[in-house]
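Based on the sequences and whatever the hints tell you, model everything.
Each protein sequence line maps, in turn, to chains A, B, C and D.
Read in order, the letters of the first sequence are residues 1 to 319 in the working numbering.
Read in order, the letters of the second sequence are residues 1 to 161 in the working numbering.
Read in order, the letters of the third sequence are residues 1 to 115 in the working numbering.
Read in order, the letters of the fourth sequence are residues 1 to 391 in the working numbering.
Keep in mind that the hints were calculated from the coordinates and are not lab data.
Glycine included, each C-beta is placed from N, C-alpha and C at the ideal position.
It cannot be assumed that every hint is accurate.
As the list claims (entries may be wrong) - Stretch by stretch, here's where chain D covers chain B in the computed footprint (C-beta under 8 Å, at least three residues): (1) 28-41; (2) 49-62; (3) 79-88; (4) 100-109; (5) 139-150.
What the hints assert, rightly or not - Ranges between beta-carbon positions, derived for each pair: (6) D/275 <-> A/53: 53 to 63 Å; (7) D/30 <-> B/141: 34 to 44 Å; (8) B/26 <-> C/106: 49 to 59 Å; (9) D/181 <-> C/20: 27 to 37 Å.
As the list claims (entries may be wrong) - No farther apart than 16 Å at their CA atoms in a straight line, the calculated lysine to aspartate or glutamate pairs in the EDC-like style are these: (10) D/174 <-> D/264; (11) D/310 <-> D/81; (12) B/147 <-> D/51; (13) B/147 <-> D/318; (14) B/146 <-> D/318; (15) D/47 <-> B/152; (16) B/146 <-> D/46; (17) C/24 <-> D/137; (18) B/43 <-> B/22; (19) D/47 <-> B/66; (20) C/29 <-> D/168; (21) D/310 <-> B/66; (22) D/185 <-> C/4; (23) B/80 <-> D/230; (24) B/80 <-> D/237; (25) D/316 <-> C/51; (26) C/29 <-> D/140; (27) D/310 <-> D/51; (28) C/111 <-> C/40; (29) C/29 <-> D/137; (30) B/43 <-> B/89; (31) B/16 <-> B/28; (32) A/34 <-> D/122; (33) B/146 <-> D/50; (34) D/85 <-> D/282; (35) D/185 <-> C/6; (36) D/310 <-> B/68.
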Amino acid sequence: MVQETIISLLQIVIFPGFLFFIIAAFFYEWVDRKFVARLQNRYGPLHTGPLGLLQPFADFLKLLSKEDIIPYAADKLLFSVVPIFMLSLPFTALFCIPIVNSTAPISFEGDLILVIFITTLIVISVFIGAWSSTNRFSTIGGMRACLQMLGYEIPMTIVIAGPAIAAKTLSISKIVQWQTAGFWFILTQPLGFIIVAICFLAELQKIPFDIPKAETEVVAGWLTEFSGKKLALLRLAGDLEFVLAGSIMTSLYLGGPSGFWFMPPFVWFIIKLTVCILILSNLRGLFARFRIDQLMRGVWKYLTPLALLQIILVELIPW
Amino acid sequence: MSSLFREHRDIIERLKKEIGSESLIGYEIPRPRRIWFSVRKEKLVDAITHLVGEGFVHLSTITGLEGENGLEVIYHLNRKGLEASLKVEVPIKQPVLPTITSIIPGAILYEREVHELLGVVFSGHPNLSPLILPEDWPEGVYPLRKKWTNEEIKKKLLKGS
Amino acid sequence: MSMEEELIRHLLKKPVTLRYPYEKLPPVKGLRGKHVWDSERCIGCGLCATDCPAFAIELIGKGLTAELKIYLGRCLFCGQCEESCPREAIRLTQLYELAESDRKNLILEFKREST
Amino acid sequence: MSSIIKIPFGPQHPSFKEPENFMFKVDGEYVVDVTPRIGYAHRGIEKALEDRTYILDLYLVERICGICSQAHTTCYTQAVEEALKVDVPPRAKYIRTIVAELERIHNHYYWLGIVAHEIGFETLFMYTWRDREIVMDLLELLSGNRVQYAMNMIGGVRRDITPEISSEIMKGVKVLGERMEYYKKICSNERTVLTRSVNVGILKTKDAISLCAVGPTLRASNVKRDVRADDPYAAYDEIPFHAVTYDGCDIASRIATRCDEVIESVEIIRYALGHLPTGSIEVIVSRLVPSAEIVSRVEAPRGENMHYLKSNGTDKPERYKVRAPTLANLTALCKMLIGGYIADIPVVIAGIDPCFCCMDRLTFVDVNNDKSWGWKGEKLRRYGIKWYKKQ
Numbered sequence: 001m002v003q004e005t006i007i008s009l010l011q012i013v014i015f016p017g018f019l020f021f022i023i024a025a026f027f028y029e030w031v032d033r034k035f036v037a038r039l040q041n042r043y044g045p046l047h048t049g050p051l052g053l054l055q056p057f058a059d060f061l062k063l064l065s066k067e068d069i070i071p072y073a074a075d076k077l078l079f080s081v082v083p084i085f086m087l088s089l090p091f092t093a094l095f096c097i098p099i100v101n102s103t104a105p106i107s108f109e110g111d112l113i114l115v116i117f118i119t120t121l122i123v124i125s126v127f128i129g130a131w132s133s134t135n136r137f138s139t140i141g142g143m144r145a146c147l148q149m150l151g152y153e154i155p156m157t158i159v160i161a162g163p164a165i166a167a168k169t170l171s172i173s174k175i176v177q178w179q180t181a182g183f184w185f186i187l188t189q190p191l192g193f194i195i196v197a198i199c200f201l202a203e204l205q206k207i208p209f210d211i212p213k214a215e216t217e218v219v220a221g222w223l224t225e226f227s228g229k230k231l232a233l234l235r236l237a238g239d240l241e242f243v244l245a246g247s248i249m250t251s252l253y254l255g256g257p258s259g260f261w262f263m264p265p266f267v268w269f270i271i272k273l274t275v276c277i278l279i280l281s282n283l284r285g286l287f288a289r290f291r292i293d294q295l296m297r298g299v300w301k302y303l304t305p306l307a308l309l310q311i312i313l314v315e316l317i318p319w
Numbered sequence: 001m002s003s004l005f006r007e008h009r010d011i012i013e014r015l016k017k018e019i020g021s022e023s024l025i026g027y028e029i030p031r032p033r034r035i036w037f038s039v040r041k042e043k044l045v046d047a048i049t050h051l052v053g054e055g056f057v058h059l060s061t062i063t064g065l066e067g068e069n070g071l072e073v074i075y076h077l078n079r080k081g082l083e084a085s086l087k088v089e090v091p092i093k094q095p096v097l098p099t100i101t102s103i104i105p106g107a108i109l110y111e112r113e114v115h116e117l118l119g120v121v122f123s124g125h126p127n128l129s130p131l132i133l134p135e136d137w138p139e140g141v142y143p144l145r146k147k148w149t150n151e152e153i154k155k156k157l158l159k160g161s
Numbered sequence: 001m002s003m004e005e006e007l008i009r010h011l012l013k014k015p016v017t018l019r020y021p022y023e024k025l026p027p028v029k030g031l032r033g034k035h036v037w038d039s040e041r042c043i044g045c046g047l048c049a050t051d052c053p054a055f056a057i058e059l060i061g062k063g064l065t066a067e068l069k070i071y072l073g074r075c076l077f078c079g080q081c082e083e084s085c086p087r088e089a090i091r092l093t094q095l096y097e098l099a100e101s102d103r104k105n106l107i108l109e110f111k112r113e114s115t
Numbered sequence: 001m002s003s004i005i006k007i008p009f010g011p012q013h014p015s016f017k018e019p020e021n022f023m024f025k026v027d028g029e030y031v032v033d034v035t036p037r038i039g040y041a042h043r044g045i046e047k048a049l050e051d052r053t054y055i056l057d058l059y060l061v062e063r064i065c066g067i068c069s070q071a072h073t074t075c076y077t078q079a080v081e082e083a084l085k086v087d088v089p090p091r092a093k094y095i096r097t098i099v100a101e102l103e104r105i106h107n108h109y110y111w112l113g114i115v116a117h118e119i120g121f122e123t124l125f126m127y128t129w130r131d132r133e134i135v136m137d138l139l140e141l142l143s144g145n146r147v148q149y150a151m152n153m154i155g156g157v158r159r160d161i162t163p164e165i166s167s168e169i170m171k172g173v174k175v176l177g178e179r180m181e182y183y184k185k186i187c188s189n190e191r192t193v194l195t196r197s198v199n200v201g202i203l204k205t206k207d208a209i210s211l212c213a214v215g216p217t218l219r220a221s222n223v224k225r226d227v228r229a230d231d232p233y234a235a236y237d238e239i240p241f242h243a244v245t246y247d248g249c250d251i252a253s254r255i256a257t258r259c260d261e262v263i264e265s266v267e268i269i270r271y272a273l274g275h276l277p278t279g280s281i282e283v284i285v286s287r288l289v290p291s292a293e294i295v296s297r298v299e300a301p302r303g304e305n306m307h308y309l310k311s312n313g314t315d316k317p318e319r320y321k322v323r324a325p326t327l328a329n330l331t332a333l334c335k336m337l338i339g340g341y342i343a344d345i346p347v348v349i350a351g352i353d354p355c356f357c358c359m360d361r362l363t364f365v366d367v368n369n370d371k372s373w374g375w376k377g378e379k380l381r382r383y384g385i386k387w388y389k390k391q
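And the structure:
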């Protein structure tokens with residue numbers, strides 16, 4: 001009995017748990033920066049560790065050692081809680097993703113809805129952080145983040161419901177199991193995959209939709225007042241979100257840790273996750289930034305109808 | 001080349017007819033595509049309106065300088081490469097000139113600059129507030145005047161602060 | 001029409017950035033860098049000092065015993081001294097790495113060998 | 001009338017490379033009025049020019065602006081040569097034209113990168129600035145320095161173009177032309193770039209003329225006025241070329257105008273290198289300049305550059321006035337900003353390719369006396385967003 005608890009404890013803390021997620025977050029930030037750099041014909045991080053592999057970790061340590069200023073007029077309590085709160089959200093969501101085998105550490109009927117709720121909570125905490133730091137830029141950034149959430153949240157939720165309907169279940173693990181038995185949803189719902197990719201770009205505030213953090217207009221948006229340890233935690237939370245977005249895309253559309261050859265499921269999961277991350281990074285290097293009103297118009301005029309069309313298609317095509 | 005000079009001379013003749021020969025103090029054509037007039041202060045606005053009518057729509061800039069007898073303000077008008085510079089003399093004690101922003105809106109900034117650096121007051125200018133120098137620049141110090149050499153200005157600034 | 005195929009094409013190409021301390025471009029022939037002074041040719045006329053826009057050259061002494069002091073901190077490397085010198089006594093070489101840790105090293109003192 | 005808010009677009013702002021302050025009156029998302037408050041980089045160059053000799057002035061004039069230094073020095077040396085009644089050898093005129101066109105290419109690549117950065121297109125910014133290195137290397141090869149070329153001298157040019165340099169320039173310029181054609185295709189078809197540049201920062205033809213705008217900003221509003229064609233200087237009267245105009249009157253057409261101008265400059269350089277006359281490249285001139293009054297005009301990459309020289313027979317100018325292109329475009333810029341979105345302010349300001357240190361040589365401040373509480377940095381996005389939420 002004691003053994004299982006230790007193993008499950010180790011599972012939570014070490015392997016598919018915290019340590020793995022943090023390392024994955026740093027690794028994928030490095031992949032993202034290196035890939036976009038190579039797209040733009042430059043090197044990207046280079047000197048810290050082999051091929052600059054430790055650069056994200058070095059940034060994290062540097063920020064930890066920096067002075068941590070709380071603005072005088074800021075709401076002290078909220079200002080310090082938000083980074084910790086924002087860090088915990090992606091962690092909980094990542095536990096619902098099956099990584100090692102096709103059942104996740106937390107898997108119950110309806111964890112898909114929990115994951116979507118967490119993505120919304122992230123934006124809410126962004127707004128609280130921005131509002132509590134009483135800096136003009138951050139309030140502007142916070143407002144923009146909320147506006148942007150109004151835009152992409154609805155199409156994303158509609159489209160994510162697609163695989164759930166097709167697999168007749170609301171648990172990510174069961175969807176993955178359904179796909180290992182059947183086929184990947186990307187084959188039957190390619191439109192859904194594209195829309196989810198665009199919405200995750202908006203959620204992660206990457207280039208085409210990085211209006212809350214547009215440095216040429218709003219300095220650093222809602223991140224302006226955070227510094228030192230808080231900024232380190234927030235950047236780590238951002239990277240974890242990036243991994244979370246990639247893993248949701250893999251588990252819902254690419255069949256999670258399932259592969260037909262000899263390789264163990266975990267390696268398959270890593271390969272698919274890397275592919276999704278590269279897709280998101282590629283999109284990041286491709287577009288110019290939208291204005292907030294163009295984003296809203298574009299999302300409501302194009303994305304939401306397409307999402308509805310996708311759901312109708314899922315209904316019509318039986319399998 | 002001579003056709004070019006004839007065209008320049010026609011322009012001068014037309015201007016002379018327009019504002020009367022006694023107020024067109026002098027003119028000169030140093031090289032192709034350059035004409036220099038000097039006009040009496042009172043006839044400035046008529047001369048400018050006439051030239052704008054002739055097609056000199058683009059005002060390159062307004063130069064202000066302190067000549068031997070008083071301040072000189074030169075309006076550089078331009079039409080398709082032909083640069084007509086209109087010089088007006090203003091007494092140093094009472095440097096007032098009518099504004100031409102109503103005729104050429106683009107002149108609004110050049111006039112404010114001449115006002116600030118040289119002290120020429122443009123009557124009728126929408127807002128003749130200082131333009132380049134910092135807010136705490138002492139009153140009455142016009143850097144481009146001969147009187148205000150660098151040491152003079154330094155002394156004034158240090159005394160003022 | 002997006003830059004997609006351009007991006008992919010550059011994915012495998014070697015990045016353009018030159019990793020400076022490790023890879024260095026050979027300096028161009030006509031580069032205007034550190035000064036070199038030829039004491040035989042210099043007749044101490046002081047033209048270089050008067051024509052220097054940044055007043056970076058200081059002439060010590062007169063005539064054939066003149067010596068030169070060049071303040072690299074102020075110099076624009078415009079090459080006017082090389083231009084105005086009637087005897088080509090002062091020349092700009094291609095040495096462009098002039099960073100110093102101590103300000104005193106930024107002053108080039110050209111002395112004549114006291115024979 | 002909803003609340004008019006006064007917002008300073010602060011002197012320290014990420015999208016400005018130089019200190020510049022615009023006071024915006026904003027009605028929600030729309031700009032109602034803008035008053036520039038400039039002069040932060042004012043160095044009193046005109047006063048300094050008066051107490052230096054002509055040779056020292058050459059290098060002071062060259063450093064009015066980082067990018068259009070060749071334009072300023074060409075304008076300056078032409079003025080002094082005209083006063084000295086000295087004729088520059090034809091080979092020097094051709095070399096001046098070549099360096100001026102290389103600098104135009106350099107400026108337009110730089111500008112395209114800045115605009116791409118303003119609208120958030122990082123990749124295009126990286127690519128354009130990578131290709132800009134080609135033209136900077138060419139200039140270094142030719143003049144010994146990447147930015148401040150010091151090619152011009154009173155009475156001619158300092159360095160000659162040897163056959164190897166000329167073939168090197170031919171190769172480099174060919175690549176630059178092809179790359180710019182590619183970027184032009186991108187900027188006129190890429191959807192995201194178009195949404196951020198079409199109908200942004202409108203300057204109608206009528207306003208462009210009445211507010212005396214200059215350069216590509218004017219030519220993008222369908223006014224065919226280019227100093228190289230109208231008032232040819234250096235070797236432009238012997239080199240066939242046509243001024244580029246577009247009628248879009250917005251940022252998209254300004255991008256297209258500058259792209260075409262680069263392609264045009266490539267042709268000019270090719271023609272000039274092909275027909276380079278032989279002969280000496282400089283004439284020795286006296287240091288004392290006879291008294292005269294000269295107006296000299298040059299087409300800088302940003303627009304018409306005008307210098308006025310009054311010499312009095314000594315070796316120092318009595319009065320030297322410089323009017324940089326950005327100064328002329330400033331009133332037009334204010335016109336463009338009014339009525340536009342707040343989110344477009346950085347792009348529109350970058351649209352006229354402002355060189356504040358050029359302009360600050362003499363510039364403008366409008367200190368409005370009523371209570372204007374100065375917010376540090378720029379908070380105008382906040383009001384834009386609040387207005388959106390109410391919408």
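Hints and how they fare:
no.	hint	result
1	28-41	holds (count 5)
2	49-62	holds (count 5)
3	79-88	holds (count 5)
4	100-109	holds (count 6)
5	139-150	holds (count 3)
6	D/275 <-> A/53: 53 to 63 Å	holds (56 Å)
7	D/30 <-> B/141: 34 to 44 Å	holds (40 Å)
8	B/26 <-> C/106: 49 to 59 Å	holds (54 Å)
9	D/181 <-> C/20: 27 to 37 Å	holds (31 Å)
10	D/174 <-> D/264	holds (12 Å)
11	D/310 <-> D/81	holds (13 Å)
12	B/147 <-> D/51	holds (14 Å)
13	B/147 <-> D/318	holds (14 Å)
14	B/146 <-> D/318	holds (10 Å)
15	D/47 <-> B/152	holds (13 Å)
16	B/146 <-> D/46	holds (13 Å)
17	C/24 <-> D/137	holds (14 Å)
18	B/43 <-> B/22	holds (10 Å)
19	D/47 <-> B/66	holds (13 Å)
20	C/29 <-> D/168	holds (14 Å)
21	D/310 <-> B/66	holds (11 Å)
22	D/185 <-> C/4	holds (13 Å)
23	B/80 <-> D/230	holds (5 Å)
24	B/80 <-> D/237	holds (15 Å)
25	D/316 <-> C/51	holds (13 Å)
26	C/29 <-> D/140	holds (9 Å)
27	D/310 <-> D/51	holds (13 Å)
28	C/111 <-> C/40	holds (12 Å)
29	C/29 <-> D/137	holds (12 Å)
30	B/43 <-> B/89	holds (12 Å)
31	B/16 <-> B/28	holds (13 Å)
32	A/34 <-> D/122	holds (15 Å)
33	B/146 <-> D/50	holds (10 Å)
34	D/85 <-> D/282	holds (14 Å)
35	D/185 <-> C/6	holds (13 Å)
36	D/310 <-> B/68	holds (13 Å)
Consistency note: the structure conflicts with none of the earlier hints.
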